[in-house]
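Novice: Below, each chain spelled out in residue letters.
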Amino acid sequence: MFSYYLRLAWISITRHWGLSLLMICAIGLGIGTAMTTVTVNYLMSANPIPEKSQQLYYVQLDSWDVNDPFDDGLNPPDQLTYTDSSNLMRAKKAFRQNVQAQAFGVIEPADPEMLPLIVNGRANSADFFTMFNVPFIYGGGWSNQSDESKEFVVVLSKETNDKLFGGKNSVGQSIKLEGNMFRIVGVIDHWQPKPRFYDITTGAFNESEDIFVPFHLIADEKISRSGNTNCWKPTGDGFKAFLASECIWTQFWVELKTQQDKEDYLQFLNAYVQEQQQFGRFQRPIDNRLSNVMQWLESQEVVADDAQMMMAMSFMFLLVCLLNTVGLLLAKFLGKAPEIGLRQALGASKKTLFSQYIIESACIGILGGILGLILAYLGLKGVEGLYGDYMKDLATLDINMAILAVTLALLSTILAGLYPTWRACNIQPAQQLKSQ
Amino acid sequence: MLVMKNINKIFQTADIQTHALRDFCLQVNEGDFVSVTGPSGSGKTTFLNIAGLLETYSNGEFLLDGEDVGTLNDNGRSRMRNEKIGFIFQGFNLIPDLNLYDNVDVPLRYRGFNSAERKRRIEENLERVGLASRMKHLPSQLSGGQQQRVAIARALATSPRFLLADEPTGNLDSEMAKGVLTLLEEINQQGTTIIMVTHDAELALRAKRTIQVKDGRVSELDVVANIHQASA
Amino acid sequence: MLETGLILRALARNKIGALLIALQIALTMAIMVNAIFMIQDRQQQMQRESGIDEANTFYLTNTIFGQNYNIQAHLQTDLHMIRNTPGVIDAVQINAVPLSSSGWSMALQHESGEDKDAVGSAIYMVDDHGINALGLTLIAGNNFKQGDVEIRKDGQSTWPAKTIITQAFAENLYPDNWQSAIGKTVYISQTQPMQIIGIVKTLQAPWNGWDGVERSMLVPFQRESKGSYYFIRTEAGRRDELMPIIEKALAQSDKERIIRRVTTTEDTRNRSYQQHNATNKILTTVVVTLTLITGFGIVGLAIFSINRRTKQIGTRRALGATKGQIMRYFMMENFIISTFGNIIGCIGAIGLNMWLVNTFNLSPIGIELIAFGVIALFIVGQIAVLYPARKAALIAPATATRTI
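Protein chains in written order, with the numbering used here: chain A, 1 to 436; chain B, 1001 to 1232; chain C, 2001 to 2404.
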């Protein structure tokens, strides 16, 4: 019977093509718009490291001004002072720990023909690579030893390695960075977490870095730092004074294996802050936080307001399209009252009629879903074009979204078809058959 | 065999109660060709709707082929319509979106025949009404008489025991009407029981038996005649 | 109108159909009004002037990588060279570019000391050529003199003794009389005094989304730093021609630095408002398609309701109704449905706006916009129903006597 209903649906759709087209377009547009915004939101709020997002914690300590709290006291500052991150690093109380900041520098290629290269970098600890499961093509990260003995080592991105070494294994070779020779210990594969969760202080969807160097090189002024710096207390002159200041510009991540480890670490942080209070620091109430990856992204609201607002609008848009479909289906099915009456006279039960018309609704839904998918694809291309780099890689349809689009179209059309179908099935046959 | 005993049908609206059928009694035997006549508003159509299981009755007893119709639910009545009854309407009631083949196919689908069986029946019955050559046409491409013949083919396709016809020639000119009636007589001779509602006295006379409905009742004389016939 | 009662009774018999259209109109109205409101809000933001001569200015970054490099000497040579290029009006070294979304900010306070109220401002470090190079309008006080300009080393914590601020900033500091700001002393970095010597009309901060975007200050600093911007203003119409010339001249004069990101101020503005622009385009598309969908929905439903009533309409015609009366009937019917829809829509629009205000910090919607939405949807409804109503008017009176 299913194929029979499908054929009836097909005949009905093609015979009343104008009306069917109107419904398919309405659903297609609704689904297309909804899926475009859902995809952007979905990619913005994606878990960038699902395998261990529960074990990685971002550390926040409230070191801010007692009179003028950070973020009106709602959240502790989003970065740490150099003093605090260095102390936490030295304590080594977590399974893995990483202090990091953004950096930049100029590479002077060995080949005098090549122009010098400005690179965006990250200054981080040895644990960075293992903590965040960074994939390597050649070599690997540097060791904790290298951190302690302040070695000039560097990890290159695939793109930088392609540029400088034509993609060959460059491990063991050296590059001249900011006037110093750095030994290459590893080359990472293309790696672009979206959001770039490990540092969202200058934007959650920035590109990953060209080079990675040990964090202590910043303190030694061997490499220049960049990124956000926030101060509440005047600082003294010179870089030493800046390092000792209350300015926040470092980020601190820890990897903790169990819930117990997390609680222990939080206790350690509280004890640390109490100790620091004796030196006149941390005058605000203790508000230390450990946020796992998803908690951290959520608290920093990485999903743009615009994206959320558009998603809300597009679902209302879909609702309008569905109301439209309900109205048109109702008109269509009630217009078929004589046929429905006749089918009942010829032995159709309510159940069979219900199946027939729900299948017709579903067919329109699937066609609308396919149209919606095409429109969503075009919509995402448009979004990417309009927003530029900001939306790069955030506007792609994956198979999950495609399935969701068609399912959403199907379900919402069936839902839209329920009332018209119910009305159609309750048509009294006797009244429809007398004469037309 | 169709037996109605003291069937009442009361239409209830907000302030008016209409007694469409009053203690309606009728027995129609196997192979009969009964015409039902009566003035407009006499209850002919209500009788046919109840006989065809399109409407329920308020009270009384109605046996169709020995089965008590009153005990059937909606699905049961649908099944009985499909298996035992064929309909022919004044307005033909073909589905305008479907071609002739698909129109005749409709009741066969609900019966659940396999595709070979359906094909055989559709072709056989369209052949019978002389329209086999036009099975891919849409109803709108046919004349009124041809449309009614398709409707007859559709009614016969399930091999029903009863054929109910509501003014089958009402929308046809006299030439076409004659053809349709001849077809009905043929069908009756092959064993199908026919109940035909008409207000045309001349047409009614061509049936084997004529009953008259007045104010929702079968008129007295005919009842006596029926009983007499039945016992004979 | 005599027919109104008749139409209402007819509608009451087909409640669901009418309700569906009314609801569609209501939702369309709620979305449309709020979307237009957001578009207008963004447009207003984009129309704010940055205060600089956008059409004739560009900038570039100068990144020094050479060791033992005499930054000061090179800076003076560079500026001298650029300022003397034919077609250049003026040039300046600057630490940040308006609307470029990266820059510095500090807070100023009336009294010296910790725990005093302070107002944040963007900081632009320029020399005495700053006002001319940016193309700012000095509306009170004086520009810096050459002797006011100090050299700033990286990590230096002291500030010069003079500053020029924007009018908006002056109004914020001295709400009673912004002109009285001239000559006043304010404190930067909590305790360091600074005298306001001039006021410029407008100069926006680097961050367009900041609520203090109109608060900026110029400080007389030349930076001794390995990375800085050169900001250049040219004679009208000569910007594009001079950009490559200056880039080349700088790059060739010295191989121990990199000249990058040669960008016009116009491009910076476009990039700065790219998200605004994109969002506006999307919202516009949403409003247009939504209106179309609702319009076509009305057309579809009206055609169906007319098809179902063909015989009835024919009978009316047979009984003497004119074509005009038939058309008016359907247009009136749509008007009544639109009225219901618009009433619900007004409530919906305000409700949606309240939610947007709470969730996304938008400002409340104006009544005139709601009025616009109501009128627009009435017009859309009437236009949509025009074709079906004409179709109805063309039904022949003879239809009444036809049986099938």
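FYI, nobody ran anything at the bench for these hints, they're computed from the structure. Among these hints, one or two may not hold up.
[Said to hold, decoys possible] A partial selection of chain B residues facing chain A, derived with a Cβ cut-off under 10 Å:
no.	residue
1	Met1001
2	Val1003
3	Gly1031
4	Asn1059
5	Leu1063
6	Gly1066
7	Glu1067
8	Asp1068
9	Gly1070
10	Thr1071
11	Arg1081
[What the hints assert, rightly or not] The calculated BS3-like cross-link candidates involving lysine-lysine, where the alpha carbons are at most 27 Å apart (straight line), are:
no.	chain 1	residue 1	chain 2	residue 2
12	A	Lys150	C	Lys2226
13	A	Lys222	C	Lys2162
14	A	Lys176	C	Lys2116
15	C	Lys2281	A	Lys233
16	A	Lys163	A	Lys176
17	A	Lys233	C	Lys2116
18	A	Lys163	C	Lys2116
19	C	Lys2226	A	Lys194
20	C	Lys2153	A	Lys350
21	B	Lys1119	A	Lys350
22	A	Lys240	C	Lys2153
23	A	Lys351	B	Lys1084
By construction, the Cβ of each residue, glycine as well, lies at the ideal position given by its N, Cα and C atoms.
Novice: Look at each hint and say if it fits the structure.
Specialist: Going down the list of hints, with the structure as the test:
1. A hinted interface residue such as B/Met1001 counts as satisfied when its beta carbon comes closer than 10 Å to some beta carbon of chain A; here the least separation is about 21 Å, so the hint is violated.
2. The restraint placing B/Val1003 at the interface with chain A is violated, with a minimum CB-CB distance near 21 Å, outside the 10 Å limit.
3. Of the supplied interface hints, the one on B/Gly1031 is violated, with its beta-carbon coming no nearer than about 23 Å to a beta-carbon of chain A, more than 10 Å.
4. This hint is violated: B/Asn1059 has a C-beta 18 Å from the nearest C-beta of chain A, more than the 10 Å allowed.
5. Given the 10 Å rule on beta carbons, the hint for B/Leu1063 is violated: about 20 Å separates it from the nearest Cβ of chain A.
6. Of the supplied interface hints, the one on B/Gly1066 is violated, with its beta-carbon coming no nearer than about 19 Å to a beta-carbon of chain A, more than 10 Å.
7. Annotation: B/Glu1067 was flagged as interfacial toward chain A, and the flag is violated, the nearest CB pair being 15 Å apart, outside 10 Å.
8. Given the 10 Å rule on beta carbons, the hint for B/Asp1068 is violated: about 19 Å separates it from the nearest Cβ of chain A.
9. Here the hint on B/Gly1070 is broken, as its CB sits about 17 Å from the closest CB of chain A, past 10 Å.
10. Proximity of B/Thr1071 to chain A is violated relative to the hint, the smallest CB-CB distance being about 17 Å (cut-off 10 Å).
11. Checking B/Arg1081 against chain A by beta carbon gives a least distance of about 5 Å; that is within 10 Å, so the hint holds.
12. Distance restraint check for A/Lys150 and C/Lys2226: the Cα-Cα separation of roughly 24 Å lies within the 27 Å cut-off, and the hinted pair is therefore satisfied.
13. A threshold of 27 Å between alpha carbons decides the hint, and for A/Lys222 with C/Lys2162 the separation of about 34 Å lies outside it, so the pair is violated.
14. At roughly 48 Å between alpha-carbon atoms, A/Lys176 and C/Lys2116 are farther apart than 27 Å, so this suggested pair is violated.
15. The hinted pair formed by C/Lys2281 and A/Lys233 fails the criterion: a straight-line CA distance of about 43 Å is larger than 27 Å.
16. For the hint pairing A/Lys163 with A/Lys176, the CA-to-CA distance comes to about 14 Å; that is within 27 Å, so the pair holds.
17. For the hint pairing A/Lys233 with C/Lys2116, the CA-to-CA distance comes to about 12 Å; that is within 27 Å, so the pair holds.
18. Restraint check for A/Lys163 and C/Lys2116: the C-alpha separation of about 52 Å exceeds 27 Å, so the hint is violated.
19. As the CA atoms of C/Lys2226 and A/Lys194 are separated by approximately 32 Å, the hinted pair breaks the 27 Å bound.
20. Proximity of C/Lys2153 to A/Lys350 is assessed by CA-CA distance (about 86 Å); at most 27 Å being required, the pair is judged violated.
21. A threshold of 27 Å between alpha carbons decides the hint, and for B/Lys1119 with A/Lys350 the separation of about 25 Å falls inside it, so the pair holds.
22. Between A/Lys240 and C/Lys2153 the alpha-carbon distance is near 14 Å, which keeps this suggested pair within the 27 Å criterion.
23. Taking the CA atoms of A/Lys351 and B/Lys1084, the gap is about 20 Å. The hint holds against a cut of 27 Å.
The structure fails hints 1, 2, 3, 4, 5, 6, 7, 8, 9, 10, 13, 14, 15, 18, 19, 20 (numbered hints given earlier, in ascending order).
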